[in-house]
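Chemist: Spelled out from the first residue to the last, the chains are:
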Amino acid sequence: MKINFKKKGSSNVLGPVVIFIILNLMFFSLLLYFVIKQASGAIVYEELYAKKIALLVDSARCNTDIVVDVSELSEVLKKNNYELSDVFGFNSAKSEVVVRVASKGGYAYRHFSDCELSFEIIGENLILKIGESRNE
Amino acid sequence: MNKLGSENLLSIWWFLVLVIVAGGIALGVFMFYSADVDVREVEAGIMANKIYDCLNDNGHLKGDVFLKDFDLYKECDINRNVFFEDGTGYYLNVSIFEGNINIFENHSRSEDLKRNCIIGKGIGTKDFPECFLGEERFLFISNGVEKELAVKVLAVSNQKGRALPLL
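Protein chains in written order, with numbering that gives the first Met the number 0: chain P, 0 to 135; chain H, 0 to 166.
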């Protein structure tokens, strides 16, 4: 890329260069913002936690409590004005773990465990309560 | 040095380049973060381990496995319905061998998943179900004689999960 240097009027030389740099900075800042926003997006967390919890539930024996640190959700929840106590749910009819970090949407993943499931939120921890077998 | 200024810094071509670069990055990021987190193989492994765990009684095979009313799903706290419903994403096959003789077999409904998994392993595609094939040796005492039995478990998962509607 060539820059036009004028012999006269040195004040005019810097003008386009400065605008050029500012526009480029603006452009790459917007791009960076987009990438960061995507990386910390709700969809990623919803899918990740739904699968993580379903696998934990499947691998655990009945009558077990599991503590899951969910502190990394707090920033996303703050942004979406959503409470941690509303994020997790179990759909026992469909044997699904449901995770929702905003009032709309969410992600559901099935589990094959036949234990009674409930949960409790203590601070920024999710306490998974894997209860009695439903067969008994 | 061009006095006519034909090579403007803020030319339309430069903006075109920016748009192409931005579009490429945006597309790449979107593709990366919209990709599924594939846990099917792990899930199949968990399924098989759960079976081994519940059939194991201090290194011996549980005595009631060969009883007529033995319910593998009930014994292992596995929800039978998710394995036997229409369009299920799970398949489980448990076989017990004494030498080369198959003395016990219990499998769930969807044999298609088993076949597709074997094909998928052969051609190396990620769109087919994922499976886990395990073999463990257990001791079993029958009529006062201790035998060694091989328990083979084939667990298949083709679960994709679902995004809930935005409405």
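Since the hints were made in silico from the structure, they are not lab data.
Mixed in with the good hints, there may be bad ones.
As the list claims (entries may be wrong) - Calculated pairs, SDA-like style, for lysine to any residue (alpha carbon to alpha carbon, straight line, at most 25 Å):
#1 H/Lys113 / H/Asn99
#2 P/Lys93 / H/Asp111
#3 H/Lys125 / P/Leu55
#4 H/Lys61 / P/Lys93
Stated by the list, open to error - Computed from the model, here is a short list of chain H residues facing chain P with C-beta under 7 Å:
#5 Ile24
#6 Val28
#7 Asp76
#8 Asn78
#9 Val81
#10 Ala162
#11 Leu163
Said to hold, decoys possible - Okay, the calculated bits of chain P under chain H, using three or more residues with CB under 8 Å as the criterion:
#12 62-68
#13 95-106
#14 111-120
Glycine residues also receive a C-beta, built at the ideal position from the N, C-alpha and C atoms.
Chemist: A separate judgement is required for each hint: does it hold in the structure or not?
Modeler: Checked hints:
1. H/Lys113 / H/Asn99: 21 Å, holds
2. P/Lys93 / H/Asp111: Holds, because 22 Å separates the two Cα atoms, which is no more than 25 Å.
3. H/Lys125 / P/Leu55: 23 Å, holds
4. H/Lys61 / P/Lys93: At roughly 31 Å apart (the allowed maximum being 25 Å), P/Lys93 and H/Lys61 break the hint.
5. Ile24: 6 Å, holds
6. Val28: Interface hint status for H/Val28: holds (5 Å vs cutoff 7 Å).
7. Asp76: 5 Å, holds
8. Asn78: Constraint on H/Asn78 satisfied, holds at 4 Å.
9. Val81: Where the cut-off is 7 Å and the nearest Cβ of chain P is about 5 Å from H/Val81, the hint holds.
10. Ala162: This hint holds: H/Ala162 lies near chain P, its Cβ roughly 6 Å from the closest one there, short of 7 Å.
11. Leu163: 4 Å, holds
12. 62-68: violated (count 0)
13. 95-106: holds (count 6)
14. 111-120: holds (count 4)
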